[in-house]
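Turn these sequences into a full structure, and let the hints guide you.
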Amino acid sequence: MTEGNRSIAGQGPTQRRDTVGIVGAGAFGTALGSVLARAGRRVILWSRDEAVVETIRTTRRCPRLPSAPLPEPLEATSDPRRLASAARFVVLAVTSTNVRDRSRALGDVIDGSHIVVHAVGALAQPSNERVSQVMELGLPTLKIGAIAGPALPDDLAENRYSSIVVASAFEEVVAEGRRLLNAPPVLRVYGSMDLIGIELASALSGAYTVALGLSDGLSMGPGPRAVLITRALAEASRLGVAAGAEARTFAGLAGLGNLLVRASDRSADYQFGRRLADGSGSTADAARTEGARAALAGIDLAAKLRVRMPVLKGVAAVLTGRLEPKAVANLIGDTVAEAE
Amino acid sequence: MGSDRPVREAENRLERFNGDRERLLAEVERRVVAKKLAEARAGGDASLEYVLNDVAYCEIRRLEAASGKAGAIDRWRDLSRRLLAMSEADKQDELRSLVRYYGKDVVGNFDPRVYKFATGIGPSLLGFVFSPVGSLREGMAAMRSLDARIHADGEIDVARACAERGTIIVTPTHSSNMDSPAIGFGLLRAGLPPTTYGAGKNLFSNPFLSYFMRNLGAYRVDRRLKFELYKDVLKEYSAVLLEHGYHSLFFPGGTRCRSNIIEKNLKLGLLGTTVTAYKNSVRDGAPHKRLYIVPATINYRLVLEAETLIDDYLAETGKSRYIITDDEFSRIGRILEFFRKILVHEGSVIVRFGRPLDPFGNDVTDDGESIDRQGRVVDPASFVRGADGEVSDDDQRDAEYTRALGRRLASVYPRLTVFHATHLVARAVYDTITRAAGTRDIYRLIRVPPQQLVASADAVASQLERLRKRLAGTPAWGSEHPLLAAQEASAVVDDAVRGLSSYHTRPIVSRREMLLQVDDVKLLYYYQNRTAHMPPEEAA
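Protein chains in written order, with the numbering used here: chain A, 707 to 1046; chain B, 16 to 555.
A hint or two may mislead.
Under the rule of at most 30 angstroms between Cα atoms (straight-line distance), these lysine-lysine pairs were calculated in the DSS-like manner [said to hold, decoys possible]:
| id | chain 1 | residue 1 | chain 2 | residue 2 |
| --- | --- | --- | --- | --- |
| 1 | B | Lys50 | B | Lys241 |
| 2 | B | Lys279 | A | Lys1010 |
| 3 | B | Lys484 | A | Lys1010 |
| 4 | B | Lys50 | B | Lys119 |
| 5 | B | Lys216 | B | Lys131 |
| 6 | B | Lys216 | B | Lys50 |
| 7 | B | Lys119 | B | Lys246 |
| 8 | B | Lys131 | B | Lys119 |
| 9 | B | Lys282 | A | Lys1010 |
Source of the hints: derived by calculation from the structure; they are not laboratory data.
All of these numbers come straight from a predicted model, not from anything done at the bench.
This is the structure we're talking about:
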């Protein structure tokens, strides 16, 4: 085989091209693997936990999401080298607190030809950078992207209709993401070149989920709730544009889509907002949910970029104990109403 | 500073350039024609008719604007008229002929005798040429070793190792038309091989420098030619040169920096040819033919064309004057003045070389291996390979790689910046007068009465002291000139005031007993702009 046409680690050319690697056997990674494997896509799922890998091999189920069947085209492994050699397209499906470590570990086994997209709907901890910025430091490849949108693990596991968007500055990443992750009718994948927007919209939707939890916990009613959602999107768009993103991204799957899907009791951010409203939650827990952390990080970014964000400011004031939930409810929305 | 180690003959690959020239041109012609024919199959704007019409239209517009000779315009009008009736074969012939024509217009020359002369007795002769007639002996003495006035330092050993292992692309900051000779001498002082480089065609209007540039590997870049076919020829020529191992030099800033702020928004056209060239080498089975981008800064005590550049920057029309033909560089008297007053200072130009990068913006080890941000060795060839190890073509991907490289370059330039006394004192004076004026806005300062543009020398010295301390604590901002290290703030102020009041048409700052009077706030702003990436003391 010539230098320009070699196969890697014994994989047949077509097989590797058509395989999806997933890092992390958490709920989302498992659900995504399940959908893809059921659609006939070959999947390599890497977990650092040998016991999880063994369970998947023997029961074809993952302990983190037992409702999701994991049929044969899915292979579980605890060896990252196996993942890197079997798949060029990799989804990093880990928590925001693990992104740094897992990127570094993945970076040990991949090269510049790999494509890595993350599925982290939050900012990277502890420094509140966008996750792709952390990946740039940890991975040897530049072909980096993100997937985001209202695709809940349970929906995916139970064949309910879902959609996500894949974003990157590289057209190739978007095209490969759409080709490899698209599994209609359960999962439809849209494309975007606005990586900054997708990451910010996704992270901020967590912050606004806390606000919606507050609003619902205070029984503010559908009118104020609608105002809250629309003004939140408006200010998030302003922040995004100042950071180099496109405004329309915030009204898409990663922004509005994520916000609507998270505003339910299944979301830790939403529950936290409700608990703050009824007095059972403590602001000391603010660092524990990704949405609350995103709210505080968003305020820092807004100050740096000089963007007015009254909704986020109100949420942050409650989270830091400077205002009571009831007091902030009256402040939500622009104090200086202007043209929409 | 500098090196006693001579450039090895084997490293001066330009010596074989003349023998290669026809082959290189033929390769450029073959590739550009093949690309255009392949694109033309899609029809529409890519069809040959459109490509040829674009050339004719742009040439007619250019010549009409320049009141060119009727004969020259007629050639393009004739082409435009004939296009509709031309057969496909005729269009292909015309395309081939145009590619050859522009290729010949671009291609450089390398005369080893001129190189030997320029690097041997050249500097002495240059000294003679640039010495005022009335003080021949003094001028000869001062300029006998012109290249010694140009210091070179930085990561020279790594750059040399890379030049031996592969092909280097030197990418300096760009603030003056003197940059070409300055970087040439800088390379010589660093023991690095000579490079070929694209020089604006307007520079060839200076007959003296034109002679050297034409014979030392420079190729001509005519920035008036905006059509795609010309850009394709230029980029392909650059890629072919790199693939054949010719060390090259690009100014990623594209044009001289008008503001003197360290360049951030880099033009990526020619820089992108590094990815193309490396990809072609990998495809040809030669991934070991590595390319290394060597960032560099050229740091002048004073800049020859500062007055014109800052005026252009501050003028609203600044951006439209992309090519300036009537600046100090076109006035031989100003060049003589510059050489006589500026280049006689020890270390008045300092070229600092940074650690090389690969075409994808990765750092490299001392022996030229690419490493990622975690310090792991990476295979650069993997960046252009697809899922099955095949080399894949993807223009958008390659453009994104080049943007990443541009971001890396822009991020390392500040660290490589060397501040002369003129920069630091200009900043200290600017900080002092703007604090009193209550604004750092240059447009407001221009309207401030002269009696308010005064600072006490003591206040400036103490401001300078604090600035130097902050600079010493933040290597990412750059460093002061090595010769300043032992000097007290007051001595640095005196040295800077001498410089700032000696060369330009009128003094920038002059001393009146214990006061420093700002006479030209625009030029003060220009010189302090070199420190613009250092936040004001109040903000820090």
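What's the verdict on lysine 119 (chain B) and lysine 246 (chain B), does the C-alpha distance respect the 30 angstroms limit or exceed it? holds (14 angstroms)
Hinted pair, alpha-carbon criterion (30 angstroms max): lysine 282 (chain B), lysine 1010 (chain A). Please report holds or violated. Distance ~28 angstroms between lysine 282 (chain B) and lysine 1010 (chain A) Cα, so the pair holds.
Compare the distance between the alpha carbons of lysine 50 (chain B) and lysine 119 (chain B) with 30 angstroms, and conclude whether the hinted pair is satisfied. holds (19 angstroms)
Taken at face value, is the distance from the CA of lysine 131 (chain B) to the CA of lysine 216 (chain B) at most 30 angstroms? The hint holds at about 24 angstroms.
Is the straight-line distance between the alpha-carbon of lysine 279 (chain B) and that of lysine 1010 (chain A) 30 angstroms or less? Holds. Lysine 279 (chain B) to lysine 1010 (chain A) sits at ~20 angstroms (cutoff 30 angstroms).
Holds or violated: lysine 131 (chain B) to lysine 119 (chain B), with C-alpha atoms at most 30 angstroms apart: With a Cα-Cα distance of about 25 angstroms, the restraint between lysine 131 (chain B) and lysine 119 (chain B) holds, given a limit of 30 angstroms.
With a cut-off of 30 angstroms on the C-alpha distance, tell me whether lysine 50 (chain B) and lysine 241 (chain B) pass. Roughly 18 angstroms between the alpha carbons, so the hint for lysine 50 (chain B) and lysine 241 (chain B) holds.
Check the hint pairing lysine 216 (chain B) with lysine 50 (chain B) against an upper bound of 30 angstroms on the C-alpha distance. holds (26 angstroms)
With the threshold set at 30 angstroms, check whether the alpha-carbon distance from lysine 484 (chain B) to lysine 1010 (chain A) stays at or below it. holds (26 angstroms)
No hint from the list above goes unmet by this structure.
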